[in-house]
Amino acid sequence: MNAVISARNLTKKYGKQIAIDGIDFEIPAGRIVGLIGPNGSGKTTTLKAALGLIPFDGELRVMGLDPRTQRDALMQDVCFIADVAILPRWLKVRDAVDFVAGIHPRFDRSRAERYIANTRLKPEMKVKQMSKGMIVQLHLALVMAIDAKLLVLDEPTLGLDILYRKQFYQNLLEDYFDENKTIVITTHQVEEVEHILTDLMFIRDGKIVLAASMDEVGERYVEVMVPADKVNAANALQPIDQRTVFGKSVMLFDGVSRAQLSALGETRNPSVADLFVATMKGTYA
Amino acid sequence: MNTMKWLLRREFWEHKGGFVWAPLIAAAIMVVLVAGVVGYGVSSGKFQGDSITVRVGGEEVHRTQTAADLLTGHSRTEVASVAANNYIAIGAPIFIVLPVVAFFYCLAALYDDRRDRSILFWKSLPISDGATVVSKLLTALVLAPVITIGIASAAAFLILMIAGVAVSAQGVNLFGPVLGNLSLYLSPVYLLAMIPVYVLWALPTVGWLLLVSSWAKSKVFLWAVGVPLIAAVLLKWMDYMLALYGTTINADWIINNVLEAALFGLVPGTWFMDGGTALPINNGQGVNMLSVLGASWGSLARPELWVGAAAGVAMILGAIRLRRWRDEG
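Line by line, the protein sequences give chains B and W.
Heads up: the first sequence at position 117 corresponds to 105 in my numbering, and the numbers run straight through without jumps.
Heads up: take any position in the second sequence, counting from 1, add 799, and you land on my numbering.
Just so you know, the hints here were simulated from the structure itself, not pulled from any lab data.
Any given hint could turn out to be false.
Here are the simulated EDC-like pairs of lysine to aspartate or glutamate, each with C-alpha atoms no more than 16 angstroms apart in a straight line [what the hints assert, rightly or not]:
| id | chain 1 | residue 1 | chain 2 | residue 2 |
| --- | --- | --- | --- | --- |
| 1 | B | Lys1 | B | Asp45 |
| 2 | B | Lys1 | W | Asp915 |
| 3 | B | Lys116 | W | Asp1126 |
| 4 | B | Lys120 | W | Asp915 |
| 5 | W | Lys815 | B | Asp83 |
| 6 | B | Lys269 | B | Asp242 |
| 7 | B | Lys1 | W | Asp1126 |
| 8 | W | Lys804 | B | Asp83 |
Keep in mind the model is a prediction, meaning the values are calculated, not measured.
For reference, chain B alone in the conformation it holds in the complex (with noise of 0.2 angstroms):
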């Protein structure tokens, strides 16, 4: 079992709808994923699943476990940050921490305190007096100090100002992260994880696209600055993607080798960001 998450053929219909279409992927132990597609695409969907919080079709195996029938104990090594800002209103920081160290058996309190005590946070102060930015950090003061063995974060710091996004991600990288934990994490920021991720899965209109390890895809996709002269010559190779950036072609290659490359012009990696615009194309025409 080395696998944390392994789907076959997984499959989720809202009706007529179909949200998943038939999906396999395989996320081992220890690596940072980053699910990522456009709105609608199915990823906070496959979450749902891999979370036992809707039913679904296919097979879908999560520590060994079934989300289905056994959620329960799946929960002991599972946590979750699903949505910003979703801690109840009443909730005092103090009593938050007592709880969550009342119930969870992996909750280390003294992680979770020290955390707190680095934020602007008040043991007396209730959710409803915080700032939608404190209300994240209480919460990943909670769940940071879960030893969880799979970690899943659907739209962490959706509306946060940059200050609180670059801190979120710092803590979740340097106290939180080892190699006995699993992240998956998904985003429209993808210009701020991609730093941190080590895996990459691209999802669209329910089916994965692009399933690959950082150094895959920093091998596969290569970007061209191409002089107008050799612009013939490039076209050739069947670039996936091009735009003009003053007065040269910036063209994306899938799977051609960069000693071919090198000869039409300057390469480099393209950014997270310009392989998913390049793979989405279309996806809102």
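Starting from the known structure of chain B, arrange chain W on it as the hints suggest.
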């Protein structure tokens, strides 16, 4: 077990206002009003020489013409005994707060966290949906009544003591015989011993409210009250139509036994109000708490209680299942 303790604590944090402050404020108002009246009466000498009437639940149980009557030993003990046995009835208004608070608590219990999406936080913790729903059930049916009994008994006791001060202003000291009467201390215990009976009678209502709370996408109150109301109207109408053919579906029976059980079960002592169990009243002594307790437990012999409780449990299981699978988008 430990999880349940924290779940109950969680409910207490969220609903302290309804379950503690509401009855406490009602009790405080009662005590202050009585103290004010008595204080005014004593200070202005209004009690001097007036006749004293002892009433329990509006029923006159004892009247004296002059204070001197009370000085006779027998009469004095008798009054003290009535007081010690019945003082708890003074707390009745506080028990009216309970069903109202518990009704709205149950309606909100599985709905509010879906509305503000904080259900996703609770579901991210290792708490089963069954344990969550049971914690709400225990809060409404055990925790809330225990708190109410505590507050009502304390308020009733305080008012009794204030009355004692009023009587002593006439030169009659009832403190000794009242405080020495065992019933004074047993009455709250009798009330606590009625909780199991209360739980069983309240199950259909709590089950119905939790089911609606777990199911409705919005407007929980409208669903919870509207459905039985419309059902009642429809039943009446069908009965009216069927009467033309000389038959009946017994609409009144269904309304009285099914629909009322779904809405009014949280009222303490419903088993006395529907006429199924007689309230034991012995004249002259008011209501004896021990016989009320006995009659309450006697209501367990009524089959409709068990049918209702079973229906309540079924609806609670439905609520748990709905909470497990409801997709909160």
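How the hints compare with the structure:
no., hint, result
1, B:Lys1 to B:Asp45, "holds, 8 angstroms"
2, B:Lys1 to W:Asp915, "violated, 25 angstroms"
3, B:Lys116 to W:Asp1126, "violated, 25 angstroms"
4, B:Lys120 to W:Asp915, "holds, 14 angstroms"
5, W:Lys815 to B:Asp83, "holds, 14 angstroms"
6, B:Lys269 to B:Asp242, "holds, 15 angstroms"
7, B:Lys1 to W:Asp1126, "holds, 13 angstroms"
8, W:Lys804 to B:Asp83, "holds, 14 angstroms"
Violation of the numbered hints given earlier is confined to hints 2 and 3; the remaining hints are satisfied by the structure.
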